[in-house]
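Sequence order for the protein chains is G and V. Numbering-wise (UniProt numbering), the first sequence opens with residue 1 and increments by one. Numbering-wise (UniProt numbering), the second sequence opens with residue 1 and increments by one.
Quick caveat, the hints were computed from the structure, so don't treat them as lab data. It is possible that some hints are incorrect.
Intra- or inter-copy, both count: the list cannot distinguish identical chains.
Said to hold, decoys possible - Below 27 Å or equal to it, Euclidean Cα-Cα: the simulated DSS-like pairs (lysine-lysine) are:
#, residue 1, residue 2
1, K60, K37
2, K37, K7
3, K187, K269
4, K32, K60
5, K60, K34
6, K7, K143
7, K37, K143
8, K143, K34
Number of protein chains: 2
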Amino acid sequence: MQRITIKDIARAAGVSPSAVSFALNNRPGVSKEKREKIMEVADELGWRPSFFARSLPSAKANTVGLVIARPARSVNAESFYFRFICGVEQVLVASSYNFMLKIVDSIEEEMETYRSWWLDRSVDGVLLVDIRDHDPRVEVLEKYELPYVIVGNAPESIRSNNRLELRTPDAGAMQMVLEHLAQTGVKQVAYLSGFARMSHTQQRIEAFNRNAQELGLEAQTLETDFTEEAGAQKTLDLIAQMGTPLGIVFDNEVLALGGLSAVKAQGLKIPQEVKLVSWEDSFVCRIVSPQLTAVSRDSGRLGQEAAALLLRRFGSHETASTDFEMPELVVRASSVGR
Amino acid sequence: MQRITIKDIARAAGVSPSAVSFALNNRPGVSKEKREKIMEVADELGWRPSFFARSLPSAKANTVGLVIARPARSVNAESFYFRFICGVEQVLVASSYNFMLKIVDSIEEEMETYRSWWLDRSVDGVLLVDIRDHDPRVEVLEKYELPYVIVGNAPESIRSNNRLELRTPDAGAMQMVLEHLAQTGVKQVAYLSGFARMSHTQQRIEAFNRNAQELGLEAQTLETDFTEEAGAQKTLDLIAQMGTPLGIVFDNEVLALGGLSAVKAQGLKIPQEVKLVSWEDSFVCRIVSPQLTAVSRDSGRLGQEAAALLLRRFGSHETASTDFEMPELVVRASSVGR
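Chain G extracted, bound-state conformation (with noise of 0.2 Å):
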């Protein structure tokens, strides 16, 4: 194919060479709307920012980036991610790679940052987290080359040929939760969920949903925003509904917390008439009382294997993907009597 040059899409915009060329390097002088255009046009032209100029001073950016979406108030994410980060940073500074960290509002902010790193060639690839179904951020990374890694379970709408993922087991540590809360002698389950558009989620509902009919015992979920007043004002609707002696199963420990504090304002006794188990551990599951029985994994390694696992496709093209260790369930007071 012809090489597109700045005049083309110039020309095929109908704005000014100079317009084109701050709108593709990504630099101020040219107003948003305009930009918008010009990327729009560049990209139908199939535009490619010419690998000879982008590869000085070195072809390689000796950097990965990651992109954090995040709803504003999801509080526990944030330790989960630090941690998860801090893993990463193990290996990257081990492999001199730089660490790139975005956090911004919206897939589409993050889809828009994936844009201008590959024009600046700032990463050499990226980690992708919260994947979900049919997530367009898989499509415009291959569009971009841009080699990455899935952290998660790709569902089954993505079909790419070259993903790679470092796989969670979800559904397994989900069975492990309903067996142990089925052998504490509850026949009623709930699971306060996280976002259901993402895959885990959907995945964990999935395995919820399954388990729990096969152990007999009768189920209901609910989605939440991972906030402690979620936590509190759901768990008293399911009690409210359900009755009790009732196992919770929380996304997270922030959710556990107000389940807990709501349970034990209503007077109720954890664990005889409610049973709380949270998924994801945390110092906070052993400083309340009663203690959380938890799902206890290590993000610090989760971010450790994905940024090897990346590194690997750099180095051999690596297609293989990983699965990572069954996390643990660790039983606490709020789950078995005293």
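Use these hints to put chain V onto chain G, whose structure you have.
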């Protein structure tokens, strides 16, 4: 001054020009020892990367850097830093800047990172955290002419005219804490500090001792490594030495939680016999029983202001340091009787 070439460095270091090239470009192909030797010689000769070569494809990296040199086990720092990072990101994203994050074990590695960022022109400037007495990082940043903002109060030993600080009111906050404790009627106070090599720790210790004296309180301080275990053990040591009633100020909420458990395990009454104040608030302080009185500051906003100050320096060579807002003292049951 005559421009120093790779050949000059190769001659002086007694190595091949290609080895010098590998070393200066921070690429593999030369041993760590050889690389260090070469960098030393290059420094001595006053070598600087060619502006022209480094300025392609663009003179501006459009990136801000942050290196955190953290001891492996300082758990709390994590929550502080993640909220800080989220604040930094909010400002950078709005200004289309990238964010380069590095987490390393020592300030030696931190300085090595600055050199590598400077060589690669990876960042336009950095945020400098955990400033300490005679901090060698300031000298390194000035040598590389990397703009920086010090987050916190630079100690007297940092003499540069070029420094720019986002000052934090540590002394004022400590005065607020001690006045609160004095009002509760306690006559003895103790402070479990963080690492004494940090300037903010020294400033807090100094303010603690000065205010205790002015308020006529008997005072003692002990250094810790920020762990829950240290919080528990040193709290028991203090009680054994000083007796009760005693007011204890903990440098973060993890220390405070350790102290709280230890005091409860001893069967001592809170707040009648032991009053606890945490320097750093979090939802954890609200979920324990009794709830913890805490110094509450907005670490997200601290990150925002630090990033904004650095961006102002880029634009206008800003040199006026800024004072960060006073934190709030949130009084809860751990320091005032019910």
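Check each numbered hint from earlier against the structure, then list the numbers of those it violates in ascending order.
none
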